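Make a model of the complete structure from these sequences and hints.
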Amino acid sequence: MDLNTVLTLISARSRADLAALGRTVVPLAGGTDLFGDPQAHLTGLVDLQTLGWAPLTVTDGGLDIAATCTIAELSRLPEAIGLAAHPLFFQCSAALYGSFKIWNVATVGGNLCASLPAGPMTALAAALDGEILVWRSNGTDERLPAVDFVTGNQTNRLEPGDVLRSIFLPASTLGSRTAFRRFALSPLGRSATLLIGRADVGGGFVLTVTAGTRHPVQLRYDRAPSASALSRDIAAIDVWFTDAHGAADWRRGVSVGLGEEIRRELESGGSATAWADAREEVRA
Amino acid sequence: MRLAVNGSPVEAPAAPGQCLRSFLREREHFEVKKGCDTGDCGACSVLVDGTPVHSCVFPAFRADGTSVTTAAGLGLPGNLAPVQQRFVDAAGFQCGFCTPGMVVTASTLSEHDHDDLPRLLKGNLCRCTGYRSIADAIRGTRTPIDGTGTLDGTGTIDAPAPTLGRVIRTGKVGTSLRAPAAERIVSGQEPYTLDVAVPGLTHLVVLRSPHPSARIRSIDSRAASALPGVHAVLSHADSPTTLFSTARHEDRLDDPDDSLVFDRVLRFRGQRVAAVVADTVAIAEAACRLIVVDYELLPAVFDPAEALRPGAALVHGDKDAAASRLADPSRNLVAELHGEYGDIGAGLVEATRLVTGIWRTQRVAHTHLEPHATIGWLEDDRLVLRTSSQVPFLVHREICRLFDLDPDAVRVFTARVGGGFGGKQEILTEDVVTLAVLKTGRPVQYEFSRTDELTAAPTRHPMRVQVTLGATDEGRLTALKLDVLSETGAYGNHGPGVMFHGTSESVSLYSVPNKRVDARSVYTNNLPSGAFRGYGLGQVLFGIESAMDDLAHDLGMNPFDLRRLNCVGPSDPLVVTHVEGADLIFGSYGLDQCLDLAQAALERGNGVAVPDGAEWRLGEGMATAMIATMPPRGHFANASVTLEPTGRYTVRAGTAEFGNGTTTVHAQLAATALNTDPDRVDILHADTDASGYDTGAYGSAGVVVAGKAVLAAATELAGLLRQAAADLAGPTPAGQSRDDWSLETDGIRCGDTMLPLARLAVLAGASGRNLTAAGAEDGARRSVAFNVQAFRVAVSTRTGEVRILQSIQAADAGVVLNPEQCRGQIEGGVAQAIGTALFEEVILDGEGTVTTGVLRNYHVPLLADLPVTEVYFAETSDLLGPFGAKSMSESPYNPVAPALANAVRDAIGIRPYELPMSRDRIWRLLHPGQG
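Protein chains in written order, with the numbering used here: chain A, 1 to 284; chain B, 1 to 931.
Honestly, the hints are just simulated from the structure, not real lab data.
Owing to the predicted nature of the structure, the values given are computational and were not obtained by experimental measurement.
Possibly wrong hints are sitting among the right ones.
[To be verified] Stretch by stretch, here's where chain A covers chain B in the computed footprint (C-beta under 8 Å, at least three residues):
no., segment
1, 54-61
2, 282-290
3, 773-783
4, 798-805
5, 851-858
[To be verified] So the derived label-pair ranges between C-beta atoms look like this:
no., chain 1, residue 1, chain 2, residue 2, range
6, A, T151, B, E336, 49 to 55 Å
7, A, T155, B, D220, 34 to 40 Å
8, B, A237, A, R143, 55 to 61 Å
9, A, T155, B, P199, 53 to 59 Å
[Said to hold, decoys possible] Here's a subset of chain A near chain B, in silico, CB distances under 7 Å, partners left out:
no., residue
10, L3
11, V6
12, L9
13, K101
Think of the CB as a built atom: it goes at the ideal place given N, C-alpha and C, for glycine as much as any other residue.
Below, the structure is given as structure tokens:
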């Protein structure tokens with residue numbers, strides 16, 4: 001929709017251009033979230049796309065995703081043979097409520113900044129122990145664990161003037177086997193619960209629970225938990241919530257079942273791979 | 001910025017916060033529709049350098065240097081792109097408002113994508129079709145009407161109804177003529193309400209109440225008025241003091257007069273407080289933010305049962321009961337019905353089987369893709385309103401009454417209307433636009449936002465329905481007792497009508513010696529309820545048909561047989577609390593066939609397997625519905641048909657086209673009576689200047705009332721033309737008589753002599769003979785139609801998911817005038833009802849605030865949510881309808897929710913009493929105590 005109170009637009013070319021940001025001047029990435037709701041408190045936008053950030057950068061340590069990388073670009077990340085966590089990219093993209101036409105425009109960073117409990121990029125970043133690079137308004141950089149970035153329904157760790165610069169996914173977790181489950185009130189509806197399990201090379205087991213909880217919740221185990229332990233721990237999560245996309249008790253109940261599916265899937269078969277073997281493929 | 005739109009260069013600045021959708025519409029690319037403005041519905045889809053995007057959430061400035069393609073850029077009438085042609089051929093639309101965006105999206109899909117359509121189309125909402133025809137259009141397939149498979153469009157099919165086929169260019173009644181506007185719709189060239197450029201247009205924005213119950217102490221609009229570009233700030237001080245109802249009926253006394261254009265008392269969150277008229281929407285919005293209102297908060301009531309208790313806050317305590325036609329404003333009671341037939345006490349004593357329960361239905365939003373909108377202006381001192389309405393003539397009447405205007409000084413018309421479902425049988429925009437036009441003298445446009453639609457436009461009436469059934473051990477009903485509490489919200493529009501109709505054909509459907517009905521329609525401080533497809537029947541049938549199913553389970557009897565034993569037969573009286581009036585007759589009777597067809601289809605199955613896993617429980621269910629073919633106490637239509645000097649025919653009919661397909665059927669009726677092709681028939685409709693009076697498009701009246709008037713006029717004209725030919729064509733050809741003149745497609749023939757229609761028109765003109773004939777219908781006699789729905793479902797005990805494995809509807813539509821179109825009405829009705837049954841709910845916070853104000857939070861069915869419904873037609877021919885047809889627009893909706901509930905009950909052994917049967921609610925039934 002038209003944002004009729006927005007009177008200024010700055011096409012950012014360098015970090016210095018971000019100084020204009022504040023309570024009423026906000027960063028614009030894809031725009032699908034900003035233009036999708038009334039924003040009568042805003043007077044200006046600073047376009048981040050003109051900063052020209054490379055959407056996906058492969059390093060020895062892992063994968064760096066620019067905040068301005070579109071969902072479409074992420075979903076098309078080449079399938080690296082043996083990169084065990086690769087299916088998550090498409091799975092999380094498809095979990096976006098928006099259509100494939102939204103994928104063409106919406107960004108990974110924008111999804112995190114919108115900070116809806118059902119944000120699938122939040123789930124992806126948290127599940128792979130991602131790290132968020134924040135450009136603070138005072139010019140400093142800060143790295144935050146992705147699991148801590150979203151703090152509640154549409155709240156996060158950014159202050160006015162801050163910019164989410166990128167999301168780093170470490171090689172270690174990208175080589176982990178993962179299992180993905182989501183459920184909603186309708187087949188393709190907004191996620192009511194979204195769970196991602198991870199079996200690490202060293203035997204560790206991590207379950208990341210999002211969408212049904214006000215913020216991401218991670219259950220971490222040195223080795224795969226028993227069915228009863230996992231079920232008990234999921235049920236004990238105390239931040240389930242109710243909205244138009246599902247009741248809290250149902251979200252908890254369904255999540256316990258999905259958690260067990262994940263546990264079993266990761267228990268059986270498959271092997272993790274080293275990032276070094278996979279990254280050439282990613283680069284290709 | 002510079003860009004190319006459909007190949008043409010455009011150079012214009014974009015505002016920093018402007019979206020591409022409004023940039024394109026400002027340049028008169030009206031094919032880019034505004035359905036939601038939030039990136040959810042897809043009606044605004046365009047290609048930017050070949051990439052599909054939702055243009056409403058695409059910053060306009062980013063289109064700089066790009067090439068933008070809209071639906072019009074894909075192809076135009078006469079030169080359609082293949083994908084557009086496939087939408088025409090498959091009848092892949094009804095109202096057509098979503099179609100340009102749908103076609104643009106479809107244009108990017110390849111054959112490889114066809115299996116992935118559910119995901120790829122989740123960003124394109126269609127409220128009319130149920131998507132089967134859209135999927136066929138995209139895939140180039142043709143799903144047989146019995147749903148048994150998908151065949152290549154060129155192949156022949158062995159469908160049970162042999163008249164069904166591809167939609168065709170020309171066809172008389174009984175064939176699947178395509179919509180006359182089809183080529184314009186798929187290319188975005190068919191104009192809807194706001195698809196017009198009006199010089200000097202100003203825009204109206206409404207300031208809505210933040211409180212559910214308050215009185216305006218004062219309004220300070222000085223700062224708003226002083227803003228440059230503001231032409232007027234309107235509020236209660238400017239409002240006519242005449243009370244009216246937003247609801248429109250043939251008889252204006254049907255609805256209570258309880259509303260003002262602007263009221264000093266605010267009775268729900270979202271009610272109009274003030275309005276600003278300004279040069280742009282942006283200025284009007286800014287001015288609204290400058291209006292200072294001092295509110296005195298008043299007590300409020302949000303629960304209809306509480307509203308009836310002594311001491312409850314009175315929503316309209318200031319009203320005079322007689323003047324406003326309210327049952328008892330001192331108890332928040334809008335209307336009530338208490339009546340008994342036979343002796344209910346005796347019937348219950350006689351019963352050896354008793355079932356009882358309380359069922360609840362939710363608020364449902366119509367979600368027609370085109371929002372409510374009006375453009376008004378002055379033309380030669382006349383007021384002209386171009387409005388998105390189902391009832392332009394009724395709007396005309398009430399606007400004249402409210403503003404004390406001479407009927408000749410007002411013209412109301414509609415363009416094609418982008419869906420209605422009852423939601424546009426209200427005055428929601430026309431009154432305030434009239435006030436603004438009269439105040440400013442300028443053209444004024446007012447358009448609801450999608451959030452306005454979801455939070456302030458009337459919804460389906462929520463109801464609490466208590467049903468008690470008594471029966472013998474053989475299953476014969478001895479007693480039917482009904483207690484209905486209907487919540488009309490803050491205003492009584494449609495409150496009495498929905499209550500009376502809801503308890504009417506739902507009760508008279510059953511032949512029971514003892515019946516009792518108690519019903520009340522009650523005010524609260526929630527948003528108003530209004531007319532919704534089915535007009536109350538669906539809510540009450542949810543209770544009655546569920547109770548009938550409980551009785552069948554109790555008796556161990558097949559539910560189809562229980563209906564056969566108890567449903568009204570063609571020789572039975574129709575009884576609610578007394579025998580219905582003589583105006584309601586069995587013009588035909590097809591319930592027996594519908595029951596047989598649905599049962600046979602269910603027993604035959606469709607080969608869809610039960611999902612894997614021990615969690616799934618299988619169930620079957622059915623429900624029945626009856627509906628009168630038109631509203632009671634008169635529904636009037638006047639039509640005329642003219643032979644023009646061009647040799648073409650013009651039909652003038654007052655009813656509106658909003659996706660119901662009346663223009664198609666009217667063309668078929670006229671063409672059949674005149675023995676010509678529908679291609680030679682032009683239709684002017686829904687314009688108080690263009691035709692005689694028509695009550696309007698509600699109560700499924702498009703075919704059986706307006707269509708009958710068209711048929712009468714066309715039949716009359718055929719006689720006039722034969723007479724004119726005999727009189728004017730010279731000597732009667734040898735061996736023929738004057739009576740032998742017969743109409744053909746483009747001429748009139750007697751023996752070997754052929755007189756072209758254009759020639760006949762010229763001859764008639766020269767002799768001063770009028771070649772216009774009129775027809776009228778008064779709706780004095782009404783018939784009944786039947787629908788039976790059946791489902792086979794699987795229900796997950798682990799998640800509460802209801803998966804529809806088979807969906808069947810058998811319909812008694814009389815003679816089916818346009819099979820593919822009638823099938824579409826049924827599929828669309830089933831789809832909308834599945835939305836009601838499983839997903840949709842306007843949720844309030846208990847203090848009058850709607851929390852589901854955007855489509856992301858109000859889930860209307862996607863392609864992924866719906867099964868292909870098998871459709872079967874009973875073979876009946878009605879005494880009253882044109883060519884034996886009956887109405888079939890509202891009724892397919894009505895049996896669906898109870899049929900689905902009965903299937904769920906069969907699957908899990910637990911009765912759902914509440915809609916929607918969302919996954920969380922079903923899960924709670926299965927896991928009591930875990931909540």
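Each hint tested on the structure:
1. A count of 6 residues in the segment 54-61 of chain B with a Cβ less than 8 Å from any Cβ of chain A is obtained; the coverage claim is therefore met, three being the minimum.
2. Under the rule that three or more residues need a Cβ within less than 8 Å of chain A, the assignment of the segment 282-290 of chain B holds, with 4 such residues.
3. With a threshold of 8 Å between beta carbons, the proposed coverage of the segment 773-783 of chain B by chain A is violated, since 0 of its residues qualify and at least three are required.
4. Counting residues of the segment 798-805 of chain B whose beta carbon lies closer than 8 Å to any beta carbon of chain A gives 3, which reaches the threshold of three, so the coverage claim holds.
5. Residues of the segment 851-858 of chain B lying with their CB closer than 8 Å to a CB of chain A number 6, which satisfies the three-residue condition for coverage.
6. In this structure the supplied range 49 to 55 Å holds for A:T151 paired with B:E336, their Cβ-Cβ distance being about 52 Å.
7. Between A:T155 and B:D220, the C-beta spacing of about 35 Å keeps the proposed range 34 to 40 Å intact.
8. Taking the beta carbon of each, B:A237 and A:R143 are about 59 Å apart, inside 55 to 61 Å as hinted.
9. Taking the beta carbon of each, A:T155 and B:P199 are about 47 Å apart, not inside 53 to 59 Å as hinted.
10. Taken as an interface hint, A:L3 checks out: its beta carbon lies about 3 Å from the nearest beta carbon of chain B, inside 7 Å.
11. Checking A:V6 against chain B by beta carbon gives a least distance of about 3 Å; that is within 7 Å, so the hint holds.
12. A least Cβ separation of about 4 Å between A:L9 and chain B falls short of the 7 Å threshold, and the interface hint therefore holds.
13. For the restraint placing A:K101 at the interface with chain B, the shortest Cβ-Cβ distance is roughly 5 Å, inside the 7 Å limit, so the hint holds.
The structure fails to meet hints 3 and 9 from the earlier list, while all remaining hints are met.
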